[in-house]
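Colleague: Please work from the sequences and hints to get the whole structure.
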Amino acid sequence: MPPSAGVLSVRVLDPGQQPVRQAAFEVTDPIGRRVVTGESDPYGGFVATVPEGEYRIAVTAEGYAPYHASTLLVAGGRPGPGDIVLEPVDPPLLPEPGHWELDPGHSAVCFTAGHLGLARIRGRFNTFAGAVRIADRMENSSMHVIIDAAGIDTGVRMRDDHLRSADFLDAARHPTIEFYSERFIHRGGSRWAVAGALTLHGVSRSVTLDTEYLGVGTGMEGETRAACRATTELHREDFTLTWQSMLARGIAAVGSSVAVDLDVQIVRKN
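Heads up, the sequence shown is in numbering that gives the first Met the number 0, so the first residue is 0 and it goes up one at a time.
Hints in this document: simulated from the structure, not taken from any laboratory.
Just to be clear, a hint being listed does not mean it is correct.
Okay, the calculated beta carbon distance ranges per label pair [as the list claims (entries may be wrong)]:
| no. | residue 1 | residue 2 | range |
| --- | --- | --- | --- |
| 1 | Arg156 | Thr207 | 50 to 60 Å |
| 2 | Arg132 | Arg186 | 16 to 26 Å |
| 3 | Gly104 | Val259 | 37 to 47 Å |
| 4 | Arg132 | Val88 | 24 to 34 Å |
EDC-like cross-link-like pairs, simulated, lysine to aspartate or glutamate; straight-line CA separation at most 16 Å [unchecked claim]:
| no. | residue 1 | residue 2 |
| --- | --- | --- |
| 5 | Lys268 | Glu220 |
| 6 | Lys268 | Asp102 |
| 7 | Lys268 | Glu95 |
| 8 | Lys268 | Glu100 |
| 9 | Lys268 | Asp237 |
For every residue, glycine included, the Cβ atom is placed at its ideal position computed from N, Cα and C.
Modeller: Below you can see the structure in the form of C-alpha cells.
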C-alpha cells in the first residue's frame with residue numbers, strides 16, 4: 000500500500016447486526032468530487048484504499064434510510080470508519096384491491112436505441128391504454144397494456160415514418176403492441192418484478208419489468224392514484240425486427256438493444 004494512503008473499511012449491518020449486501024457506496028472529497036464508488040460484499044463489507052484526508056460517505060440500500068457521514072483517514076492509521084448500522088424504512092403503502100386504469104396523461108412509454116455506434120436516439124409512444132387488477136395479495140395481480148404502434152415519436156417525421164414502415168414496426172399489419180402480466184414478484188422494499196408476455200411485430204416473448212413502486216397519493220380532483228417506474232431491455236432480433244444498414248468498418252446504423260423506460264400512474268376505477 001502506498002505510504003500516503005489510508006484504508007476506508009466499512010461493514011454495513013441492519014439493526015439485528017446482520018450484514019446488508021449490495022449496499023451502494025459513494026465516497027466524495029470535501030468539495031463533492033467523487034473518489035470511489037461500489038457495493039458491499041455478501042458480508043456487508045466495503046474496502047478501498049484512498050489518499051489520506053477527510054471524506055464524506057453516502058450509503059444507500061433498498062428498504063433502508065440513506066446514511067451520510069464524514070471520516071478522517073490517516074496514512075498508516077487505523078482503518079475507518081468501521082461498522083455502519085442502517086435503519087429500515089417501511090415500504091410504500093400498496094394500492095387497494097380492485098380495478099385500476101392507466102392514466103395516459105400522467106404516464107410515459109419511452110425508449111432509447113443506439114445510433115451509428117456512438118450516439119443514442121430517444122423516443123416515446125404517444126397513444127396507449129391499460130388496465131390493472133390489484134388482487135387481495137399483490138403477487139396475484141394482473142395488468143394489460145395496449146400501445147398504438149403508429150404513435151411512435153422520435154421528433155423527426157422522416158425517421159418516424161420509417162419506424163412505422165415494414166422495415167421496422169410494420170404498423171399497418173401489426174397496429175398494436177401489447178403487454179400482459181399476471182406475475183408480480185416482490186424483490187424487497189419498493190422493488191418488484193412484473194413478468195409477462197410482450198407482443199411486438201406479431202411476435203410474443205417473455206419480458207420482465209424491473210419496477211420501483213412509488214406509493215399511493217391523491218390527485219388534484221381528489222382521485223386516488225398509484226405510481227411506479229419500470230425499466231427493461233429488449234433486443235430487436237427477438238421480435239424479428241431485423242432491418243439493418245451497415246456503415247463503413249461494419250458499424251450498424253441502428254443498435255440491436257433497446258432500453259425501455261416507463262413512468263406509470265394508475266387511477267382507481269369507480
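Colleague: Evaluate each hint against the coordinates.
Modeller: Checked hints:
| no. | hint | verdict |
| --- | --- | --- |
| 1 | Arg156 - Thr207: 50 to 60 Å | 34 Å, violated |
| 2 | Arg132 - Arg186: 16 to 26 Å | 21 Å, holds |
| 3 | Gly104 - Val259: 37 to 47 Å | 20 Å, violated |
| 4 | Arg132 - Val88: 24 to 34 Å | 28 Å, holds |
| 5 | Lys268 - Glu220 | 14 Å, holds |
| 6 | Lys268 - Asp102 | 11 Å, holds |
| 7 | Lys268 - Glu95 | 11 Å, holds |
| 8 | Lys268 - Glu100 | 7 Å, holds |
| 9 | Lys268 - Asp237 | 35 Å, violated |
Violated hints, in rising order: 1, 3, 9; the structure is consistent with all others.
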